[in-house]
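Number of protein chains: 2
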Amino acid sequence: MPKKVHKLGLFGLGAFGRLIVRHLSPYFDIRAYDPSPEARAYAKRHNVELVSLEEAAANKIVILATPIRTLKALAEQIAPHVPLNALVIDVGSVKVNPAQWLTDALPKSVCVLCTHPLFGPQSARYGIHNMEIVVCPVRVRHLPPIVKFLEKTLDLKVSVTTPEVHDRALAAVQGLTHLIAKVLNGMGPLPTEHTTRSYDLLMQGVGLVSGDSDELFMSIERDNPFAAEIRKRFFHEIDSLRTRLENGHGAKA
Amino acid sequence: MPKKVHKLGLFGLGAFGRLIVRHLSPYFDIRAYDPSPEARAYAKRHNVELVSLEEAAANKIVILATPIRTLKALAEQIAPHVPLNALVIDVGSVKVNPAQWLTDALPKSVCVLCTHPLFGPQSARYGIHNMEIVVCPVRVRHLPPIVKFLEKTLDLKVSVTTPEVHDRALAAVQGLTHLIAKVLNGMGPLPTEHTTRSYDLLMQGVGLVSGDSDELFMSIERDNPFAAEIRKRFFHEIDSLRTRLENGHGAKA
Numbered sequence: 001m002p003k004k005v006h007k008l009g010l011f012g013l014g015a016f017g018r019l020i021v022r023h024l025s026p027y028f029d030i031r032a033y034d035p036s037p038e039a040r041a042y043a044k045r046h047n048v049e050l051v052s053l054e055e056a057a058a059n060k061i062v063i064l065a066t067p068i069r070t071l072k073a074l075a076e077q078i079a080p081h082v083p084l085n086a087l088v089i090d091v092g093s094v095k096v097n098p099a100q101w102l103t104d105a106l107p108k109s110v111c112v113l114c115t116h117p118l119f120g121p122q123s124a125r126y127g128i129h130n131m132e133i134v135v136c137p138v139r140v141r142h143l144p145p146i147v148k149f150l151e152k153t154l155d156l157k158v159s160v161t162t163p164e165v166h167d168r169a170l171a172a173v174q175g176l177t178h179l180i181a182k183v184l185n186g187m188g189p190l191p192t193e194h195t196t197r198s199y200d201l202l203m204q205g206v207g208l209v210s211g212d213s214d215e216l217f218m219s220i221e222r223d224n225p226f227a228a229e230i231r232k233r234f235f236h237e238i239d240s241l242r243t244r245l246e247n248g249h250g251a252k253a
Numbered sequence: 001m002p003k004k005v006h007k008l009g010l011f012g013l014g015a016f017g018r019l020i021v022r023h024l025s026p027y028f029d030i031r032a033y034d035p036s037p038e039a040r041a042y043a044k045r046h047n048v049e050l051v052s053l054e055e056a057a058a059n060k061i062v063i064l065a066t067p068i069r070t071l072k073a074l075a076e077q078i079a080p081h082v083p084l085n086a087l088v089i090d091v092g093s094v095k096v097n098p099a100q101w102l103t104d105a106l107p108k109s110v111c112v113l114c115t116h117p118l119f120g121p122q123s124a125r126y127g128i129h130n131m132e133i134v135v136c137p138v139r140v141r142h143l144p145p146i147v148k149f150l151e152k153t154l155d156l157k158v159s160v161t162t163p164e165v166h167d168r169a170l171a172a173v174q175g176l177t178h179l180i181a182k183v184l185n186g187m188g189p190l191p192t193e194h195t196t197r198s199y200d201l202l203m204q205g206v207g208l209v210s211g212d213s214d215e216l217f218m219s220i221e222r223d224n225p226f227a228a229e230i231r232k233r234f235f236h237e238i239d240s241l242r243t244r245l246e247n248g249h250g251a252k253a
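Chains as they are written, first to last, in full-length UniProt numbering: chain A, 1 to 253; chain B, 1 to 253.
These are computed hints drawn from the structure, not numbers from a lab. Built from N, CA and C at the ideal position, the CB exists for glycine as well. Treat the hints with caution; some may be incorrect.
Said to hold, decoys possible - Some but not every residue of chain A turned toward chain B, in silico, with C-beta under 8 Å:
(1) LEU84
(2) ASN85
(3) ALA169
(4) THR195
(5) PHE226
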């Protein structure tokens with residue numbers, strides 16, 4: 001195990017913050033800020049050092065793993081405490097708005113790396129080997145060592161792109177997955193016997209996001225600038241199909 | 001390879017009829033009836049003997065693999081030609097109505113076995129090993145040898161149940177899979193990069209039924225007596241979600 005040369009400030013010990021603790025604690029001394037009682041209990045159980053907001057911000061590497069709606073205010077709060085040349089990283093499911101918020105709020109000397117690990121507590125249950133992380137080097141001076149760490153040390157597949165390309169793709173990828181999961185979960189008990197391979201795959205896919213918070217769902221729908229367009233196309237198709245089925249016109253091409 | 005002791009009359013050389021030819025021709029002399037030009041071309045290429053409706057019906061084993069909407073009339077047409085003690089099998093995606101049509105139309109001496117192989121040309125692409133077939137012994141004298149053939153010879157997993165239990169489960173299993181596939185396929189190009197595991201599973205599931213005919217989709221929706229109830233629950237959830245997203249009330253429990 002490599003020796004821990006860096007301290008890392010982590011904001012948020014929710015589901016994703018805990019995944020970060022699990023995978024980064026071999027390499028970093030993690031100092032976490034999260035005032036919730038759940039975080040306190042978790043930190044005690046997992047031997048994670050809880051510190052003040054100012055102390056968590058005063059590190060060369062800072063990861064923000066709090067809900068997206070809190071990011072703008074959090075960036076403004078930590079700005080006076082982040083050291084010169086620090087690297088601030090976010091890990092949320094949308095990138096266009098957070099990229100703007102972080103570059104606006106943090107001093108120019110601070111590097112901003114917006115990332116989206118395309119996995120969560122469920123899909124990374126058995127490890128993160130070869131899973132994808134999208135990396136947007138919004139204001140970064142030396143990207144190669146970061147990519148090397150993600151690829152070689154964490155064994156991730158790194159896709160470097162822009163916040164806009166990310167948000168366009170994920171509006172559909174996450175938007176549709178979560179919309180469909182919400183609908184199927186809302187329907188109540190569904191069959192588990194006499195199922196088809198197609199249905200099994202669908203339900204497995206839905207199962208992976210069913211534990212995600214409603215907060216995450218609403219963030220994707222509200223904070224991704226391309227989500228509304230995907231919803232429009234989705235509901236348009238729903239309406240056409242419904243009209244066709246309700247009119248009972250039967251098969252048409 | 002066992003010697004072919006039985007002749008088998010097969011009605012329909014569509015996608016599923018062809019799967020039947022592939023898996024049953026080692027064991028049966030298949031005589032098929034399908035007046036379409038595509039069937040003629042297929043039969044020529046695959047060395048399948050095409051015969052008249054009367055000749056296809058005049059076999060100890062008869063499989064009906066035509067669209068569900070044709071089954072009632074077909075059962076009435078073949079009734080005078082099916083031999084005493086013959087076994088007539090259907091393989092469609094709904095069972096309550098076909099079970100009624102077949103028992104009504106065919107002479108009492110003729111056995112009726114309603115089945116639904118829970119796989120199709122896509123999911124059975126690499127074989128049918130351990131795939132499930134639902135078997136409803138609607139009017140059958142000796143079920144064990146049939147189950148033995150399906151299990152031991154074809155290597156299928158056999159579930160014996162009633163048409164009603166089948167239709168209740170499949171209204172959700174197939175109804176939802178096909179509804180969601182129709183919606184996603186109608187949306188036009190969707191991302192293939194920066195995808196999540198959940199999205200990949202969903203799209204794989206949808207991909208397995210995307211090649212199915214619109215005829216099959218409409219059969220499931222129209223001919224399964226429990227499909228309307230599932231649609232109602234599905235669209236009800238869609239409406240709630242849509243209202244919530246359009247009102248923009250944000251996260252709620």
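How the hints compare with the structure:
1. LEU84: Violated, because the Cβ-Cβ distance from A:LEU84 to chain B comes to roughly 33 Å (cut-off 8 Å).
2. ASN85: Nearest chain B Cβ about 30 Å off; hint violated.
3. ALA169: 4 Å, holds
4. THR195: 5 Å, holds
5. PHE226: 11 Å, violated
Going through the hint list in order, the structure does not satisfy hints 1, 2, 5.
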